[in-house]
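A.B. asks: Using the hints provided, position chain B relative to the given structure of chain A.
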Amino acid sequence: MTSTFTSRHTGRIVWAAAIVLALLLPELVASKTALTKMCLIGITIVFALSYNVLLGQTGLLSFGHAVYFGLSGFTAIHLINLIGQHQLPIPVLLVPLFAGITGAFFGLLFGVLSTRRHGTAFAMISLAIAELVAASSLILESFFGGESGITTDRSNGPAFFGIDLASQLQVYYLIVGWGVLSAIAMYAYTRTPLGRMAAAVRDNPERAEFIGYSSRMVRLLSFIISAFFAGIAGGLAAINYEIMTATNLSTAASGSVLIMVYIGGAGFFYGPIIGAILISLIQLSLSDITPAWLLYLGLLFVVTVLFAPAGIAGLVERHIPPLRAGMLHRLIPPYLLSGGAGLVFAAGVIALLEMNYHITLNAHEGPLLGLFWMKVDTGQPMAWVAAIIVTLVGFYLFRRTWPIVANAWNDLDSRQPGDLR
Amino acid sequence: MTQPALVLADLRKDFGKASIIRGVSLSVTAGERHAIIGPNGAGKSTLFHLISGRFPPSGGTVSLHGRDITRRSPFAINRQGLARSFQVSNLFPRLSVAENIRCAVLWSSGHRYCFWRWADNLADVSARVEDVLAQIGLKQRRDVLAGVLTYAEQRALEIGIAIAGGADVVLLDEPTAGMSRSETSRAIELIREVTVGKTLVMVEHDMSVVFDLADRISVLVYGEIIATGTAAEIKASKAVQEAYLGTVETDD
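Going down the list, the protein sequences come from chains A and B. First residue of the first sequence: 1, per my numbering; consecutive thereafter. First residue of the second sequence: 1001, per my numbering; consecutive thereafter.
Just chain A, same shape as in the assembly (with noise of 0.2 Å):
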């Protein structure tokens, strides 16, 4: 009992601590360009955390979240449009409820077509609802304006108690604002009886039916609350960017949240806030870096679907147990080893692929390529024989030392039986 209450004792702490974290982070970043990237995180953040209210808690694999957060999104430009033309009475604050009403409509017009089953057939219905709205604001032009998108400015309306949301830290804020509120209750959800009865069907659809459930309503009401909340970070979205294009609900950004979802961990609340962070914060930085950023977030993928199918917030959990028993240093050692055995390999992986994008798109640049804090000559065929060997020898260090990490937790499972779930 002791244990449960200090470990909830400890999460309440962590998240009290990351919501001041959000609040302070504009005093302690001051730089313009990171309160930008913030913004984008904080939206990417809600959108995430709702697609997991379908796949991790209804156990819902959809292929077309972002329709939810696209036409939202659509719709707050042309209320936040009426509002700068003094046709609606509203503050542009609240826009993001609007929006999110706006993504609970559509969940249910396209949630009643597609949770009649769950499985692959819901997968496959939820891809073709989105080639089908992608496909339709490309032609319905007055509403999604084609390829350029459809503008709004913020700053239109009028100021609500001075805050007319001129200045990209009061976006900011109110992107904290909502995105608290949003998390607060997406994690509520999880706890009410339509929550667990989600949880339930996820698990079992069948011996639900047996329990006064239809699995199909359940489904339903977690698809629509799932696209309210989609809805809030695609208003969010609109006052952010103030504008909106067609690539905003296509398929790649379905499977963008989809990816950041499964690799910071679908099965945990906290994952897909991870998950949201990390991706993007590996578009915004590596984008600008190397133009190979796509294959690394596809091999990360990879690598995580592989190995930790858990996702990132998986591998904290698993570490929690030996942090509890104080038997974690145990594994510093391995880690460290194997660790530096994988980044020897990762290093030789990645000079391959950089040198490779570089004779191909920069070819014109010249042979030389600016690799890690080293010149290099891709015209020379040593360069590329040694970016092969550390390939080669990384991979084997990393293959010779990776059952010393087995062998450590092995260790660790049979010490306390107890206390390892």
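The hints are simulated quantities; they were obtained by calculation from the structure and are not laboratory data. Quick caveat: nothing in here was measured; it's all calculated off a predicted structure. Backbone N, C-alpha and C fix where the C-beta goes; we use that ideal spot for every residue, glycine too. Worth double-checking, as some hints may not be accurate.
Covered stretches of chain B (chain A as the covering partner; in silico rule of three or more C-beta atoms under 8 Å from a C-beta of chain A) [to be verified]:
1. 1070 to 1078
2. 1088 to 1096
3. 1104 to 1118
Okay, the calculated bits of chain A under chain B, using three or more residues with CB under 8 Å as the criterion [as the list claims (entries may be wrong)]:
4. 186 to 194
5. 289 to 302
6. 342 to 351
Residues from chain A that keep clear of chain B, each with C-beta distances beyond 12 Å, as calculated [claimed, not checked]:
7. Gln170
8. Gln283
9. Leu328
10. Glu365
C.D. replies: What follows is chain B alone, placed relative to chain A:
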């Protein structure tokens, strides 16, 4: 005479050209413990699937407390007060034992699709969950995931889920299958205890369980009921001995 709780009238089920249930009629009195026995492949589980709404029958009717429930969905039938267990444990494996029971209690407690209250704070639900956990003897294992329970514990939880919603007609499909002697006798006590005041229909292979628990027994052979009666009547029946018990004796 008390009103029948469950009435099957000329119930039929065909899979393609194969007739699995061939005109079963049965009336189970309220409060009765009724066992259905029969050789493998007689259609006992199929009969349960027809009653509980998992399969639609090809013909005939099922009525519960005088109301027709034929071709209703499983959840609609459950809401009318009929619950069932499964031959192969059919739990919510990634939920804890207590959560399994809680989910089974929620609908009947009226909280249904509620998403504005904490599930843990519903005093009526929690009290019922505690009662059921105590009854099925899994209080100590409440926080364990259902998927990692021992076999006997899973069977107990299976019964717990079936009775938690307070249904007054309970179908148990081979509740003691695969259990050891001592586990079986504990399971009999559990079934006796949790079905007090309820109507019980059970499929069972273990004859000692059947003769111990059941008020009346029906013998199902190749989709037809060939005899219904008390344990003594069934043991004495010539038709049953020929079709069923005779083969059991030679096996033993």
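A.B. asks: Confirm or reject each hint.
C.D. replies: Evaluated hints:
1. 1070 to 1078: holds (count 4)
2. 1088 to 1096: Held - the segment 1088 to 1096 of chain B has 6 residues with a Cβ nearer than 8 Å to chain A, which meets the minimum of three.
3. 1104 to 1118: Answer holds; 12 residues pass the 8 Å Cβ test.
4. 186 to 194: holds (count 6)
5. 289 to 302: It is violated: at least three residues are needed, and the segment 289 to 302 of chain A offers just 0 whose Cβ sits closer than 8 Å to chain B.
6. 342 to 351: violated (count 0)
7. Gln170: Holds, since 31 Å exceeds 12 Å.
8. Gln283: Given that every Cβ of chain B is farther than 12 Å from that of A:Gln283, nearest at about 32 Å, it holds.
9. Leu328: holds, 24 Å
10. Glu365: Label holds. Min Cβ-Cβ 53 Å, cutoff 12 Å.
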